[in-house]
Every structure is written in structure tokens, then in C-alpha cells.
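Chain by chain, the residues run as shown.
2 protein chains.
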Amino acid sequence: MLAIPVVAVEPLPGFARSTVDGFAVFAADTYGASDSLPVYLSLAGEVAMGRTPDFSLNRTQAALIHTGGMLPEGADAVVMVETTQNTRPGEIEVMRALAVGENILQPGEDVASGSEVIPAGTLLRSMEIGGLAALGRMTIQVAARPRIAILSSGDEVVSPEQSPQPGQVRDVNSYTLAALVEKEGGSPVLYGIIRDQRTELEQAVQRALTECDAVVITAGSSASTRDLTADVIQTMGQPGVLVHGVNVKPGKPTILGVCGGKAVIGLPGNPVSALVIARIFVVPVIHHLLGMNKSARVAVISARLTLNLASQAGREDWMPVRLLSTARGWEADPIFYKSNLIFSLVRADGLVHIPADANGLAAGELVEVEIL
Amino acid sequence: MLAIPVVAVEPLPGFARSTVDGFAVFAADTYGASDSLPVYLSLAGEVAMGRTPDFSLNRTQAALIHTGGMLPEGADAVVMVETTQNTRPGEIEVMRALAVGENILQPGEDVASGSEVIPAGTLLRSMEIGGLAALGRMTIQVAARPRIAILSSGDEVVSPEQSPQPGQVRDVNSYTLAALVEKEGGSPVLYGIIRDQRTELEQAVQRALTECDAVVITAGSSASTRDLTADVIQTMGQPGVLVHGVNVKPGKPTILGVCGGKAVIGLPGNPVSALVIARIFVVPVIHHLLGMNKSARVAVISARLTLNLASQAGREDWMPVRLLSTARGWEADPIFYKSNLIFSLVRADGLVHIPADANGLAAGELVEVEIL
Chain U
3 MLAIPVVAVE
13 PLPGFARSTV
23 DGFAVFAADT
33 YGASDSLPVY
43 LSLAGEVAMG
53 RTPDFSLNRT
63 QAALIHTGGM
73 LPEGADAVVM
83 VETTQNTRPG
93 EIEVMRALAV
103 GENILQPGED
113 VASGSEVIPA
123 GTLLRSMEIG
133 GLAALGRMTI
143 QVAARPRIAI
153 LSSGDEVVSP
163 EQSPQPGQVR
173 DVNSYTLAAL
183 VEKEGGSPVL
193 YGIIRDQRTE
203 LEQAVQRALT
213 ECDAVVITAG
223 SSASTRDLTA
233 DVIQTMGQPG
243 VLVHGVNVKP
253 GKPTILGVCG
263 GKAVIGLPGN
273 PVSALVIARI
283 FVVPVIHHLL
293 GMNKSARVAV
303 ISARLTLNLA
313 SQAGREDWMP
323 VRLLSTARGW
333 EADPIFYKSN
343 LIFSLVRADG
353 LVHIPADANG
363 LAAGELVEVE
373 IL
Chain S
3 MLAIPVVAVE
13 PLPGFARSTV
23 DGFAVFAADT
33 YGASDSLPVY
43 LSLAGEVAMG
53 RTPDFSLNRT
63 QAALIHTGGM
73 LPEGADAVVM
83 VETTQNTRPG
93 EIEVMRALAV
103 GENILQPGED
113 VASGSEVIPA
123 GTLLRSMEIG
133 GLAALGRMTI
143 QVAARPRIAI
153 LSSGDEVVSP
163 EQSPQPGQVR
173 DVNSYTLAAL
183 VEKEGGSPVL
193 YGIIRDQRTE
203 LEQAVQRALT
213 ECDAVVITAG
223 SSASTRDLTA
233 DVIQTMGQPG
243 VLVHGVNVKP
253 GKPTILGVCG
263 GKAVIGLPGN
273 PVSALVIARI
283 FVVPVIHHLL
293 GMNKSARVAV
303 ISARLTLNLA
313 SQAGREDWMP
323 VRLLSTARGW
333 EADPIFYKSN
343 LIFSLVRADG
353 LVHIPADANG
363 LAAGELVEVE
373 IL
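Going down the list, the sequences are from chains U and S.
Take the first sequence: its position 328, counting from 1, is numbered 330 in my numbering, and each next residue is one higher.
Take the second sequence: its position 121, counting from 1, is numbered 123 in my numbering, and each next residue is one higher.
Rather than coming from a laboratory, the hints here were simulated on the basis of the structure.
Ideal placement from N, C-alpha and C gives every residue a C-beta, glycine not left out.
Among the clues, some could well be false.
[As the list claims (entries may be wrong)] Below, in silico cross-link-like pairs of lysine to aspartate or glutamate (EDC-like), each with a Cα-Cα straight-line distance of 16 Å or less:
1. U/LYS185 <-> S/GLU184
2. S/LYS340 <-> U/GLU111
3. U/LYS264 <-> U/GLU202
4. S/LYS251 <-> S/GLU202
5. S/LYS340 <-> U/ASP215
6. U/LYS251 <-> U/ASP359
7. S/LYS254 <-> S/GLU318
8. U/LYS340 <-> S/GLU318
9. U/LYS340 <-> S/ASP359
10. S/LYS264 <-> S/GLU318
11. U/LYS264 <-> U/GLU318
12. U/LYS254 <-> U/ASP229
13. U/LYS254 <-> U/ASP215
14. S/LYS185 <-> U/GLU184
15. S/LYS251 <-> S/GLU184
16. S/LYS264 <-> S/ASP215
17. U/LYS251 <-> U/GLU184
18. S/LYS254 <-> S/ASP229
[As the list claims (entries may be wrong)] Stretches of chain U that chain S covers, calculated by requiring three or more beta carbons in the stretch to come under 8 Å of a beta carbon on chain S:
19. 7-16
20. 84-98
21. 282-295
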């Protein structure tokens with residue numbers, strides 16, 4: 003993510019270049035030329051690649067030039083080799099009339115000197131890297147990855163290295179969220195597993211708020227530990243909890259808060275809910291902290307639903323689907339999941355969004371699948 | 003990219019868990035229960051999170067249980083707290099009949115022991131990372147990034163650190179291609195700028211073929227240097243050049259070859275053509291070398307064209323577009339480019355594909371924009 007805009011200190015291209023293999027000419031000399039009435043021009047020389055031509059062109063002269071070659075002084079158009087004939091040594095026939103500037107890149111045509119070519123907040127893709135190389139910009143300033151604290155709470159949760167005893171489950175959310183944060187440009191900072199105990203959680207959130215730019219807490223799955231999370235967020239600074247509960251499935255028990263200018267988000271403990279809600283609420287926080295200059299475009303694929311999907315009106319639903327390639331195009335096959343089962347998402351290629359104002363989607367309907 | 007499949011050595015979940023906050027019960031005890039005719043059950047205890055319950059359930063008993071809690075011995079359903087009443091201490095009223103297994107995750111419901119949960123060739127997303135954590139798999143074997151050699155040829159090309167003299171241009175392709183290769187899972191190996199001279203090019207390609215898994219050469223932009231590239235590929239091993247020239251715009255002068263089992267691809271020298279063609283021909287080579295188990299799904303966004311786009315029938319066209327957000331949805335605004343101008347792609351959000359059997363696309367038509 004570019005932090006300071008890049009301004010071109012020189013025009014691109016830096017000189018008039020040919021875009022074809024052919025002959026540099028004066029356009030005016032080709033006036034009226036055609037297959038049946040060609041114009042005859044004398045050869046003044048050949049433009050070597052990578053050098054200033056060591057001659058200039060006079061009227062009724064032409065110079066052999068290759069794609070990317072520098073135009074000799076005087077020339078104002080290039081005729082493609084395919085519309086010429088080389089009948090006598092030192093002479094060519096031009097069989098087509100040319101306009102001034104034809105088959106030429108003008109200096110500054112790609113980039114004018116002094117223009118802002120890459121604004122701040124731009125994600126650097128392969129072409130931006132190429133643009134920087136073209137301008138000779140070898141160093142740039144990029145945004146620091148925002149530090150996103152990840153806390154996992156729950157008395158039943160143990161570290162993945164441990165063998166869970168009956169009643170215990172391994173921590174999944176710390177790792178799915180860390181991978182998501184990393185992919186979206188953040189730097190995940192793991193605070194491990196916190197017991198469902200007020201002072202322990204308070205201390206951990208306090209430390210995370212001091213050390214990081216935003217805090218994500220996956221609550222234990224029971225109602226009492228979710229309430230504990232909300233209580234703790236409420237004490238961590240103004241304004242505290244803004245939203246407790248969202249009408250989204252999966253992910254109802256979501257907590258959105260701001261404490262002393264930093265986002266604090268309580269995610270549901272179920273791995274599927276945590277990941278779906280993190281896409282909706284944590285990813286935009288990361289992009290905002292990065293200074294991204296336009297909203298990220300979520301990658302989607304249009305597909306036809308294989309089944310009817312019911313949904314409560316007034317509730318936003320996200321349904322995991324598998325994409326199937328068929329002769330008629332992509333089909334989206336819903337995966338009926340329970341939000342505790344992380345492998346339902348492993349089987350999924352994407353998510354289908356059922357908006358709050360819909361009662362569901364019909365089989366055969368064209369839907370946009372957001373790629374996971 | 004996973005190299006060896008992951009097989010579950012234990013079931014997930016490992017024990018029967020509640021999916022709600024409520025009471026563990028015998029389903030048979032709730033038969034016929036309703037708001038007007040509740041069933042009365044005596045409270046046997048509370049299931050602590052993360053532990054085996056220290057009691058078992060007898061008929062006509064219920065146990066307080068939290069989401070994710072382990073079912074006590076005997077219980078075969080969980081009634082949600084919302085459909086119960088706690089009228090007298092030690093007793094609850096159940097106001098709904100339950101089926102066996104209701105609100106319970108059965109052991110192995112997510113993953114059965116011994117099942118292959120992640121096949122080889124799977125790109126590891128956040129949910130696969132989470133699935134591995136859930137299984138306690140702390141180490142896995144991943145595919146080595148294939149080494150992709152990148153050679154830039156052309157007498158007019160200089161390194162980006164240099165100030166180009168008139169007639170010279172900075173090397174762009176080495177850097178756009180390296181960024182693309184890296185993003186798609188390859189490891190780019192840069193061989194720098196090669197002069198348009200047969201022995202120099204031969205030696206460089208020979209070395210690249212020995213050291214890397216595939217070779218990409220961006221030819222100088224003139225016809226003679228493109229022919230030189232094809233000639234050199236032809237001498238590097240059987241079968242040599244397979245295709246010289248493709249009916250794609252931009253990117254006509256593309257060379258596809260295989261030398262001694264390794265792909266050797268000659269890309270056009272123009273930066274826009276090189277990047278468009280690399281997406282079509284180099285990226286699948288990287289994915290194949292990684293052992294990707296399904297074809298990559300290119301991210302697309304549906305948008306309406308703002309202008310008519312003409313195209314020659316029989317030729318495949320790729321048009322860079324900017325995406326504009328409007329009240330009617332996305333619009334795709336074509337960027338009329340010259341293939342030498344890298345900043346035309348910097349301005350683009352995606353590419354629109356005009357298939358070979360079309361004469362063009364009409365303004366207002368819904369097109370799929372492949373995100374760059």
C-alpha cells in the first residue's frame with residue numbers, strides 16, 4: 003500500500019518512438035499514396051535500437067526503423083513495413099497515405115512530467131511495480147501493516163499443540179483470523195487463550211489496546227462469556243460498545259466497539275461465524291488503517307444456485323457454497339453447515355449473500371459468489 | 003499449496019457437544035411438551051465448560067449446559083433456554099418436544115477419523131489453516147515454489163537504476179513479471195537484460211533452463227529480435243517451438259515452446275502485451291508446476307460496458323477497463339491503450355475479454371471484468 007503519492011519527474015516515453023516495424027517518413031510526403039499510385043522515397047539510413055539516430059531526415063527521405071526505435075529529427079510518422087515495397091536499392095515505395103503522428107508514441111504520452119501517477123493508498127500490483135521501474139523509482143514509502151491483536155477466550159479452548167481432553171477443543175480462531183489479517187495487509191499479534199475470568203480478560207485487552215492498532219476478541223461460545231466480553235470492552239475507554247448483536251447469520255452475537263479511538267471487535271466463538279463476521283467487520287478496519295484509497299473490490303463469480311435457500315426477512319445470511327463447473331457455466335451448490343464446523347468452510351469455494359430484504363433465493367437464480 | 007494430503011487421525015468434534023445454551027435432556031422425556039402442557043424435569047447439575055461432566059443424567063432429569071459444552075452421559079438432546087422456564091428451584095419446565103440429537107454436534111460430524119480432509123494441491127486459505135489447528139496438525143508438507151527464470155532482451159533496454167539515454171528505455175517487464183510470478187506462487191529468478199545477440203541469448207537461456215523449472219523471455223520489440231528468440235528456443239531441446247504467434251490482442255508475437263520437458267515462453271516486449279500474455283500462458287504453467295488440484299478461479303466482477311468495443315472476428319481481445327461504481331451497479335469503462343504504455347494498465351482495474359467469435363461488444367452489455 004503506497005503511503006506517499008508517486009509523481010513522475012520525467013515524461014514517459016522520454017522521446018518519440020515508433021510503435022511498428024517500418025520506415026520513418028514525413029507524413030506530407032505520403033499524401034495521395036495508394037497501391038496503384040505509390041510514393042517513392044529515398045532511404046536515408048537505419049535507426050539503431052537504443053541510440054539517437056546519427057542522421058536527420060529531409061523531405062522525400064525515409065529511414066528504416068524498428069518497433070521502439072527513436073524517431074530521427076524531422077520524421078513525423080512511421081509507415082508499416084507491410085504497406086511498403088523495396089523495389090530498388092536505396093528506395094522504397096509507400097502505398098498508403100499517413101497522418102502526422104501515425105504509429106508514433108509522443109514524448110509524455112504515457113505520463114507527463116510532474117503528474118501524480120500513483121496516488122497514496124494504492125495497493126501495488128504487478129503493473130504499479132512496472133510503472134515504478136519505468137520511472138526509475140527504486141524506493142517508495144509504503145504503509146506500515148496495522149497491528150491487529152487477536153485474543154481467543156473460552157475455558158474449553160486449548161492450544162493446537164495440546165491433545166484436548168473430553169470437553170476441550172483446540173483453538174481454531176486465532177489461526178484462521180491471523181491468516182485472514184495477514185492476507186488483507188495487517189500484522190496479526192496473537193495474545194493466546196484467555197480464561198473466562200474478568201480480570202484476566204481485562205488485563206489482556208488493556209495490553210492489546212496499548213500494543214496494537216485494533217483488537218479482535220473471539221468470545222467463548224456461551225452467552226455468559228459473550229456478556230463478559232461486552233462488559234470488559236465497555237470499561238476500556240470511550241465510547242466503548244457501540245453494537246451488541248447483529249442480524250447476520252452466522253454471527254449474531256457480534257460486538258462492535260471503539261475504545262479511545264481504536265476498534266475493538268468481539269467475534270462469535272464458532273469458527274465459521276468468526277470468519278464470516280471478520281470478513282464483514284475486521285477486514286474494512288485493516289483497510290482503513292492501511293489508508294486504502296478505494297474500497298476493496300471483493301472477487302465474485304456469477305453462478306446459478308442448485309437449490310432453494312430459505313432466509314428470514316430482516317436477517318442477512320451468508321451461505322457457504324461449492325462451485326461446480328458445468329456446460330451452462332458455474333453452479334453454486336450450498337453447503338448446509340453448523341457454525342462450529344470449520345471443515346464446512348474448508349469444503350467451500352465462496353459465500354452467497356442473501357440480503358436482509360429477501361425471504362431467500364430460488365434454485366436456478368443467478369447469484370454472485372464471493373470467493374473465499 | 004499442500005503437497006501431501008492431510009488425513010484426520012481423530013474425529014472432529016471429539017465428543018458430543020451442545021450447539022446452544024440450554025438444558026441437556028432425554029428427548030423421550032419431552033414428548034408432547036408444549037406451551038400449554040409443559041414437561042417438568044429436575045435439575046441434575048451444570049456442565050462446566052472444558053470438562054467431562056462429573057455426573058450422568060437419569061430419565062426425567064435435565065442439566066444446565068452452555069454452547070460447546072460436553073453432553074453428560076445419557077442425554078440425547080438439548081433444549082434451548084428460550085423454550086424453558088425455571089419456575090421452582092431445582093426444576094425446569096420444557097415447553098417444546100425435541101427430537102433425538104436436536105441441538106447436538108455428534109462426534110465425527112465435522113470430520114470422521116481416517117478421512118482425507120485436505121487433498122494435495124490445495125491452496126491453504128484461512129479456513130484450511132484453521133482446520134489444521136483443529137486437528138492439531140502443526141506441520142505439513144507444502145509444494146516448493148517453482149523457479150521461473152525471467153530474461154529481458156533488447157538493445158534499447160537498460161536497468162531501472164540507470165538514466166536512459168535518448169533511444170533507451172528502462173526494463174519494466176522483469177519487474178512486472180517477477181511480481182506476477184511471486185503472487186501466483188512461483189519464485190522469480192531474474193537473469194537481467196540480454197543483448198540482441200545470438201550467443202549471449204543462447205548462453206543465458208541455457209543457464210536458465212538448467213537452473214529453473216520454466217523460462218520466460220521478453221523479446222526485444224522489433225521483429226528481428228523476436229525471430230532471434232524463436233531461433234534460440236528452437237535449439238534448446240526437443241520439441242522446441244510449438245507456437246509462434248497467437249491471435250490475441252495485445253500479444254500477437256508470442257512464442258510457446260517446450261525444451262527437454264520445461265516450458266519456454268517468449269513474451270512480446272511491450273509491457274502491456276507481456277503482462278496480458280503472461281496471465282494467459284505463464285500463470286497456468288506456475289499452477290501446474292505447483293501441482294494445483296483445481297483450475298484457479300479468476301476473480302471477476304460483472305459490469306456494464308460504457309462504450310462499444312470493436313474487435314476483429316477470429317481474434318481474442320483483452321481490453322483494460324476502469325471500474326466505476328454507479329447507482330445501477332458497476333460500469334466498465336474501456337481504457338484505450340497502446341501496448342507500450344505501462345501506465346494504461348496502472349489506470350486499469352481489470353480486463354474485459356472479447357472472445358474470438360465476436361465482432362465486438364455493445365455499450366450497455368453486461369461483461370465479466372477479470373480483476374487485475
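Structure-based check of each hint:
1. A hinted pair counts as satisfied when its Cα atoms are at most 16 Å apart, and U/LYS185 with S/GLU184 qualifies at roughly 14 Å.
2. At roughly 10 Å between alpha-carbon atoms, S/LYS340 and U/GLU111 fall within 16 Å of each other, so this suggested pair holds.
3. The hinted pair formed by U/LYS264 and U/GLU202 fails the criterion: a straight-line CA distance of about 20 Å is larger than 16 Å.
4. Between S/LYS251 and S/GLU202 the CA atoms are separated by roughly 30 Å; this puts the pair beyond 16 Å, and the hint is violated.
5. About 43 Å separates the Cα atoms of S/LYS340 and U/ASP215, which puts this hinted pair outside 16 Å; it is violated.
6. Straight-line distance between C-alpha atoms of U/LYS251 and U/ASP359 comes to about 14 Å, which keeps the hinted pair within the 16 Å bound.
7. Restraint check for S/LYS254 and S/GLU318: the C-alpha separation of about 10 Å stays at or below 16 Å, so the hint holds.
8. As the CA atoms of U/LYS340 and S/GLU318 are separated by approximately 45 Å, the hinted pair breaks the 16 Å bound.
9. Proximity of U/LYS340 to S/ASP359 is assessed by CA-CA distance (about 46 Å); at most 16 Å being required, the pair is judged violated.
10. The straight-line distance between the Cα atoms of S/LYS264 and S/GLU318 is roughly 26 Å, outside the 16 Å bound, and the hint therefore fails.
11. Restraint check for U/LYS264 and U/GLU318: not satisfied, since their Cα atoms lie roughly 26 Å apart, outside the 16 Å limit.
12. This hinted pair checks out: U/LYS254 and U/ASP229 have alpha carbons roughly 13 Å apart, not beyond 16 Å.
13. Using a Cα cut-off of 16 Å, the hinted pair U/LYS254 and U/ASP215 is violated, with the two alpha carbons roughly 25 Å apart.
14. For a cut-off of 16 Å, the pair hint linking S/LYS185 to U/GLU184 stands: about 14 Å separates their Cα positions.
15. Taking the CA atoms of S/LYS251 and S/GLU184, the gap is near 25 Å; set against the 16 Å cutoff, the hint is violated.
16. In summary, the hint linking S/LYS264 to S/ASP215 is supported, as the alpha carbons are separated by about 6 Å, within the 16 Å threshold.
17. Taking the CA atoms of U/LYS251 and U/GLU184, the gap is about 25 Å. The hint is violated against a cut of 16 Å.
18. For the proposed pair S/LYS254 and S/ASP229, the alpha carbon gap of about 13 Å is at most 16 Å, so the pair holds.
19. Only when three residues or more bring their CB closer than 8 Å to a CB of chain S does the claim for the segment 7-16 of chain U stand; here the count is 3, and the claim holds.
20. Against chain S, the segment 84-98 of chain U contributes 0 residues with a C-beta closer than 8 Å to a partner C-beta. That does not satisfy the three-residue criterion, and the hint is violated.
21. Look at the segment 282-295 of chain U against chain S: 0 of its residues bring a Cβ nearer than 8 Å to a Cβ of that chain, fewer than three, so the hint is violated.
Against the hints set out earlier in the document, violations occur for numbers 3, 4, 5, 8, 9, 10, 11, 13, 15, 17, 20 and 21.
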